[in-house]
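Line order of the protein sequences matches chains A and B.
UniProt numbering numbers the first residue of the first sequence as 1 and each following residue consecutively.
UniProt numbering numbers the first residue of the second sequence as 1 and each following residue consecutively.
Since the hints were derived computationally from the structure, they do not count as laboratory data.
Take the hints with a grain of salt, since some may be wrong.
Just the calculated beta-carbon pair ranges, DEER-fashion [claimed, not checked]:
1) A/G83 <-> B/G49: 21 to 31 Å
2) B/L228 <-> A/A90: 40 to 50 Å
3) B/T4 <-> A/P216: 33 to 43 Å
4) B/E213 <-> A/D31: 29 to 39 Å
5) A/P196 <-> B/Q292: 22 to 32 Å
6) A/T208 <-> B/A159: 37 to 47 Å
Ideal Cβ positions, reconstructed from N, Cα and C, are used throughout, including at glycine.
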Amino acid sequence: MNVISDPPSSAETSWRILPQGDRCLIISFGDQIDASVGKTCLAAARKLRDAQLPGVTDVVPSFVAVAVHYRPDGLGNGPTYAGLAERIEALLADGIPADASGGREVDIPVCYGGEHGPDLADVAQAAGLTPEDVIQLHSQPRSMVFMLGFAPGHAYLGVHDEKLNIPRRPSPRTAVPIGAVAVANRQTVIYPNRLPGGWNIIGATPLTMFDPAREPAALLQPGDSVRFVPISPEEFDRIKGGQL
Amino acid sequence: MSVTVIKPGMLSSFQDRGREGYQHQGIPAAGAMDERAHRLANALAGNAGDPATLEMTLTGPTLRFDAPACFALAGADLGATLNGQDIPLHRPLVARAGDTLAFGAKPAVGVRGYLAVHGGFALPAVMESETTYLRSGFGGFQGRALVKGDQVPLRAALAADRDLDALQKDLWNLRVYLPGSLGNKRREFIRFLPGMHWQEFSEATRHAFGGAEFRISPQSDRMGYRLLGPALSMSQPRQMLSEAACFGTVQVPSGGEAIILMADRQTTGGYPKIAQIATVDLPVLAQYAPGQTLRFQLIELDEAQRLDGERERAFNQLHQALEPLRGLLAQN
Numbered sequence: 001m002n003v004i005s006d007p008p009s010s011a012e013t014s015w016r017i018l019p020q021g022d023r024c025l026i027i028s029f030g031d032q033i034d035a036s037v038g039k040t041c042l043a044a045a046r047k048l049r050d051a052q053l054p055g056v057t058d059v060v061p062s063f064v065a066v067a068v069h070y071r072p073d074g075l076g077n078g079p080t081y082a083g084l085a086e087r088i089e090a091l092l093a094d095g096i097p098a099d100a101s102g103g104r105e106v107d108i109p110v111c112y113g114g115e116h117g118p119d120l121a122d123v124a125q126a127a128g129l130t131p132e133d134v135i136q137l138h139s140q141p142r143s144m145v146f147m148l149g150f151a152p153g154h155a156y157l158g159v160h161d162e163k164l165n166i167p168r169r170p171s172p173r174t175a176v177p178i179g180a181v182a183v184a185n186r187q188t189v190i191y192p193n194r195l196p197g198g199w200n201i202i203g204a205t206p207l208t209m210f211d212p213a214r215e216p217a218a219l220l221q222p223g224d225s226v227r228f229v230p231i232s233p234e235e236f237d238r239i240k241g242g243q244l
Numbered sequence: 001m002s003v004t005v006i007k008p009g010m011l012s013s014f015q016d017r018g019r020e021g022y023q024h025q026g027i028p029a030a031g032a033m034d035e036r037a038h039r040l041a042n043a044l045a046g047n048a049g050d051p052a053t054l055e056m057t058l059t060g061p062t063l064r065f066d067a068p069a070c071f072a073l074a075g076a077d078l079g080a081t082l083n084g085q086d087i088p089l090h091r092p093l094v095a096r097a098g099d100t101l102a103f104g105a106k107p108a109v110g111v112r113g114y115l116a117v118h119g120g121f122a123l124p125a126v127m128e129s130e131t132t133y134l135r136s137g138f139g140g141f142q143g144r145a146l147v148k149g150d151q152v153p154l155r156a157a158l159a160a161d162r163d164l165d166a167l168q169k170d171l172w173n174l175r176v177y178l179p180g181s182l183g184n185k186r187r188e189f190i191r192f193l194p195g196m197h198w199q200e201f202s203e204a205t206r207h208a209f210g211g212a213e214f215r216i217s218p219q220s221d222r223m224g225y226r227l228l229g230p231a232l233s234m235s236q237p238r239q240m241l242s243e244a245a246c247f248g249t250v251q252v253p254s255g256g257e258a259i260i261l262m263a264d265r266q267t268t269g270g271y272p273k274i275a276q277i278a279t280v281d282l283p284v285l286a287q288y289a290p291g292q293t294l295r296f297q298l299i300e301l302d303e304a305q306r307l308d309g310e311r312e313r314a315f316n317q318l319h320q321a322l323e324p325l326r327g328l329l330a331q332n
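The following block holds chain B by itself, in its conformation from the complex (with noise of 0.2 Å):
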């Protein structure tokens, strides 16, 4: 009852929602690059809950499924195949035991995919989330990336004598309806809000983060994505005390190059804080590539309060509507 990794992938490890509860102890979040795609991926494997699923980094892995499964794919497209076949994002799906999914088939779109098994992967919580934070080395599985040969239990694989091409055929036959916003939707621009700092820069530097043109350095990663654009400086340089730090902070140190804290982010930060990206464009932002670049725009709190809700309404929606697709997965 397991998934044997064949080929690692660049960078796959398991991700959940975060952990929740211990930045005091400086413990940092981590957790899914693109929460809604990992949400999503759990949603359409038929999981109620926050199980970890697989983040997989550009070029993702190749892994046998030793026992049948359904699973289901979320996220960017990574060209995947089950035994050589194309298949869709966002369905539930059935492996047989000694299937191979693969991807790579096609050029990527986006940069993370994600891989949710009904069920989940058995994974040991620790801190109470399975997430791993790579850099401490704990949580998910081993607290690393995949690496070839390991072995990846499931928490319930589908039964031995279950009928799988009536499965398969039931599965095919639901009609799921993803509401717009759980979508992989493409946005000409990342909204912020203001930060801590952002009356304490320069008007110029104001002016040229609402406006200019970013790039993604290629020094970007799960914990920071650096940009590269026109230098920003506050008015009056001056030193900070380090206070918490958010996914989506945007700090610049005096070299005035922004950094923008992804899921790895450090729980705290000593640097001044310019802008938050808005939470519901957090996902598009998960997506970005090094060297593409992108264009920064205002948003009021209340709308991005507004449309971040929206969101979890979608979710509550979708997971409504999948009642039909747990029920068919429970027959075991």
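Excised from the complex, chain A in its bound form (with noise of 0.2 Å):
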């Protein structure tokens, strides 16, 4: 299954700009998760970034919907809702070129299962399926990454095989580790540190998804493309001996 559709077309493309608040506006694309969507956003938000449109701050993709933070500049002018919404409406109508610099290839490696992956087993039951299958439905195809979120270099990826729409756990851990890779609803993410979270941890990677000192600070990137290579507890020591 190719999850990375097509880059979209204005031409089918449509939209929806509310503000939310007096510093943001939010321009909205749908509301079900898909791929060519969460394209779209991407693509619309590198358009806007591009585009360094005064006052702006932050171009924030999400699933849907793309943010879009402002300021007044310091003589009290600058953007407003009104103002801004109508530039973003002429620069989206102009149309919205794919994202050509975006989606990266990257391996993501992944110790499936055992100490790494608790909840492997439970997923499996839920899903119908062998661990063995899980492993394979979650590593075969390629996954985009829809958007960071939550915290920083948190990713959000997908969207992975129907079988694999399993709810969050219903009641979440107060501290999963970093380097956990977890499942939910068709979705895949990658804790960059210790955090409080609701999904299935299925394995962990070893490698540093998020490093303050590192430029770009974030490993994976909105919009990249990303391989989850299965690899042994003996593997994921020696990477993650080898990173320190």
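Join the two chains into one complex using the hints; note that each chain is given alone, in its own frame.
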């Protein structure tokens, strides 16, 4: 299954711009998780960032929307919602080109199951599969990085096979270990840090997902195409040790 | 050329206007909780840019200046003294090498005070900002709140041969007119704009949010304020996809207790958004202590943006008016 679909074309893309308070607006491209909508969000975010609109500080794509944060300038002028929405409308109507610079192909080694993936058996059972099937469904097709959010470098990937449409765990863990690879609702998250989390942990990567001293600090960027590469616990230790 | 931490206070961390341009990497903006007070302290210390100030929470620190410096305080009145003598907020002041700045001489009014020094503290920029993101431990001074014994270097202490008595007199004679929109004003209502999902909340809930009294829960911090009050519910509960959150976004998890996202908020959130606090009132909110009560009041977007812009103009005017101050301090 190839989840990375063709580039979006403006002709069939529609959006809605709404204010989120007085310093942010949100451009909504849909309401369902879908790789093509996700790509549209990334392409639109790229276009808006490249446009360097005055007063705009952050352009944040998510699954089905793009947020544009802005500030008034030091003179008290600068963008207002109405003015900015109009400029964005015109920019988007002019076309949303495919994101040529994004979409790097990245391999993420994952040690599935065992102590690194305590929920693998539960996920397999819930999906009516063997743990090996789950690993195959998770690691065979490429996954797209839809967004980074929740914590620095915290990546959301998908969209996985429908068989992996497993809900989150009924009660979240207070601390998920660094590098945990966890699934829920046809998505994967990779925990860059020790964080609370309710997703099902099926494995762990030895890679450092976030390092503020690195440029860029986050290993994965929105739009990257990821292949999860199964590795053994020994390889996990070897890679982890090699990074130190 | 540094400041030594004798006592760290409850939570003292360096903050600027926030880390901009990295939220798409999941990196929170962080920054000063009371941005107005942070900027005011900087302006009154003769800084033109946005170097980090020390954000001090409730119980302020005790600090020793190891070099002469010009400093200013803004935000909450935490009972500041210099060598045991009361000192005012909102004035450029002179500290000599060996002077001790302490807090707590009287009960605090407000929660967060800001200390700016002329020239700024010498902190390394991380992703173009000096702000501390405490949760992930980067930025500011070693990515953390101050601890006893820390020595925080100054970027531009006053020259050793400077006549500090004369400077202090000149600073004291400067007339500083503070525009009303920049002062520590209390408000009966915190103004808000409808959130993305405002219409999806029940009529009773919308009514309650716009009128009822809420209490700030003790489980409140730089990341978010939890509100205790009437339970808030949607007409038809539904799951949301995560999307961007802002300083002042009010989320309502299914339990019905609202959370106002504050400076250290996560970049994205997946709960329904009932409201967005008007930017102009965020500094007021940032000075509320856990246990205090507040009410909300709806404001139109145009009006919120007008007030926000008015504050920016006031800062611009203040900076122009403080040209003589910067001139005095530049004679090093």
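(request) Would you list, in rising numerical order, the hints stated earlier that this structure does not obey? (result) none
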